[in-house]
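If you count the sequence shown from 1, you need to add 324 to reach the numbering used here.
Derived from the structure by calculation, the hints contain no laboratory data. Check each hint, because a few of them may be wrong.
To be verified - Label pairs and their computed distance ranges (CB to CB): (1) T942 / P1081: 34 to 42 angstroms; (2) R688 / D571: 14 to 22 angstroms; (3) V386 / R547: 43 to 51 angstroms; (4) M693 / G658: 19 to 27 angstroms; (5) T942 / E553: 21 to 29 angstroms.
Idealized CB from N, CA, C, for every residue including glycine.
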Amino acid sequence: MSPTDAPSATAHAVERPDRLAELLSACVDDPARVTTDVPRRVAAAHDASPYLFTPRAVVRAVSAAEVGALMAGARAAGLPLTLRSGGTSLAGQAGGDGILVDVRSAWRAAEVLDDGLRIRVQPGLTVRQVNARLARHGRRLGPDPASESACTIGGLVANNSSGMNCGTRDNAYRTMESLQFVLPSGTVVDTALPDADRALREREPELHAGLLRLRDRVRGSARSRATVERLFSMKNTMGYGLNSFLDHDEPADILAHLMIGSEGTLGFVGEAVFRTVPLLPHTATGLLVLPGLAEATDALPALLAAGARTAELLDAASLRVAQQSTDPVDEVRGLRVERHAALLVEFAEEDPGLLAERVADARRALDRMPTVSDTALVGDPRLRARLWHLRKGLYTAVAGARRPGTTALLEDIAVPMDRLTGTCEGLTGLFDRYGYQDAVIFGHARDGNLHFMLTQDFDSASEVERYARFTDAMVDLVLDAGGTLKAEHGTGRAMTPFVRRQYGDELYDVMRELKRLCDPHAVLNPGVLLDDDASAHLRNLKSIPEVDPAVDACVECGYCEPVCPTADATTTPRQRIALRREIALAAAAGDEERRRALAEDYGYAAVDSCAADSLCVTACPVTIDTGAVMKRLRADRHGAVAQRAGNTVARHWGTTVKAVRVALNTAHAAPSPVLRTATGALRRLGAGELVPAWTDDIPRGGPARPAPRHPAGARAVFFAACIGSLFAPEVGGEGSPDGAAGAAGAFLRLCARAGVPVAVPSGLDGLCCGTPWQSKGYTAGYRTMAARTLEALWEASEHGRLPVVCDASSCTHGLDQLRDALPESDRARFASLRFVDSVVFAAEHLLPALPEPRRLGSLALHPTCSTVHLGIETALRTVAASVSDEVTVPDNWGCCAFAGDRGLLHPEITASAVAAQAAELNAGTYDAYASCNRTCELGMTRATGRPYRHVLELLDEATA
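Let the sequences and hints guide you as you build the complete structure.
See below:
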């Protein structure tokens, strides 16, 4: 729909959620993408900032035309509109109390251009996802924010992101080649087109003329020019990017560059083309501990002159935090920290010879520095990773250790290099004066860019007043030093009251006029970047109630969201935690209607739909496992009868598996309509978490698990997963020569072919890794199965002498987790057991002894969430590469969310989780499709229509 087609509305009409939903539904092609439901609005409200605004409606837009129509709809409704992508911004620019438009979920396209020299991207991709596409070309984006795993291109553009290495040369502003953006009027501007400026003049004559006036106004004032040049010689994301008026002549180019750093207040950027920078694979890193801040900052010029690409500053408080690590690096271990400071420096080049020259040049500077630690520069990736963990782990350590109910605030400033030491010392004094005893300072010293982190309670007037007084003093300190109050994180709401003071009245008025020209009705993100209210930064502060020790450390950063398979279907880990907090706040306020609405929705949207794959813990900076929490909440819902039933199933697991196999085979003989009717009825009667809706692609029952065997000289114990017995393999079935189809049969044949004898434990048909009980919350059955499996494997492995090999990655991971279900008295024995996935065993022990495999031309490979947890992706790729010349893992790879039976019980979750992967895969053709877990193979087969098989089945056929 075009913006002018949006219906008008009265103020009275939009007071009602149904009327607002009707208005906004007319702006998009699918009304299902519009919601005014309380739970969805509350879930979407939370971002990484200390501010909270609950939107009146949430809309998923899928095109520039829809965004333009929604802007017009917001104007007609008299409501503000906020664009939201990753929600990782720290200053409040990603939230609003009007219409929140999701421009992440449908905006993840990328096109590599000129062999990686340029790339065209949409706003929903994360920086890491874009860099993964560029890595094969030896390139990356210029901006390198620390939040690259979660921050999206939309936020990178909106905040003019930079990072540790890029400085002001390779930030978003400098590396942007062209933008396609939508103005509040609905006009779409694409500066890649040769006539972009003429088109802007014709469609937006007042804006075009106004930009020329502002350009000349800034250029015509010596004072304004000097202020702009001074502030933008540093990293600076305070206010609008007024350097655009000095750097560019044509209004279209000026406006495109003003969009960068405009925080969603001038328009929507739907596409960007960036020039990329080379990857520098050869690196040398060192941690230099010096007596104090002055010595550290004095060392910078020589290091930068020697070619250091990175120079990260850590103050004494940071070093003390680093010492509290379970395994501190040698440079700080045993150091008696007083007023010390450190520089983490890194040299990086494309060529190893050039790196050696850089390091040699640096050695002369290093030898002259008054360090109190070794000055070695190391290239070993493991040693380098430990040094970077010290720097990047500061946020984790401080945020994770903060008092429950407080907010972790990460601020950033920049000052001229010659004022860096004094500013650091001044900040330390402010921390002492205002009682921020846990505050730390670190930052990008090469740019004069400091970050400081502190924890703050916003639940009392006295605490808010303390924060206000500290902020005022900090503003004085930084501006007196000639610095900027925001270097990287954007102005947001946190610094809006101080923009005028930093720039002066004249340039502040230029910003005001710019906003009026672009957004005359003030629809886009009002209150962000510009606000004349001196206390704007103290309003709408977020309350963080204690709800559960397992999640209370959550800082709502959103790092978990890109890896969550339910992000586009129901809720994310951040939202699951935020909703629990909102339920607690509603209960404390006595708002029973709100509490009930949130709690009733939570059962499915948070608990039942969670894949519980726990990839969130791999991304969370404070190591929260939301998947484990959801499994515990499932357990809390089970009464004594349900727990006894789960325990009975565990005690009779062998019989249960046989019964399921028979039932599946019988079902395939019955008419599909009858099965769909029967299963549908059972689900409606309350069995929705036990009985799947019948579909014709549900497999038949699989083969029996291997019979016991105890060969002489066994080199491992084979624990064939029961999932391979419950579900028949995609190809093979009972027709395999030895009756052992699927991954289990393939593994045993490979072992025989390689001359590697393996044992199979007695009673295997009644054993399990325990994951079905753990995932569903049947704790009694989980304990029973853990005890039985331990006893059997303890004996079969000869008390831990032999490794235990499993042929399904999720079950290997499940075996690894059985410790949690065992009594303390059994945990020592369990610790003696070694669990190895079959692809690792094959890569290490079978491939060298097998015949040369016959090779396929191409193979599409689906790693699983468990391969990530187990750290076996390299082994999986090795086995896949042994049978195929080309192995492709989709750029859009992610957990399939089949999660045992989740994909059967809630197929919409898997459909959403793999939609992008499936589209990417089906755009090409491959000779074979493989994974390493039967249920993941089911999920990917269902999503793509292509036959996914265990990679060992392919290896078996290739070496037969």
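How the hints compare with the structure:
no.: 1; hint: T942 / P1081: 34 to 42 angstroms; result: holds, 36 angstroms
no.: 2; hint: R688 / D571: 14 to 22 angstroms; result: violated, 37 angstroms
no.: 3; hint: V386 / R547: 43 to 51 angstroms; result: holds, 46 angstroms
no.: 4; hint: M693 / G658: 19 to 27 angstroms; result: holds, 20 angstroms
no.: 5; hint: T942 / E553: 21 to 29 angstroms; result: violated, 44 angstroms
The structure fails hints 2, 5 (numbered hints given earlier, in ascending order).
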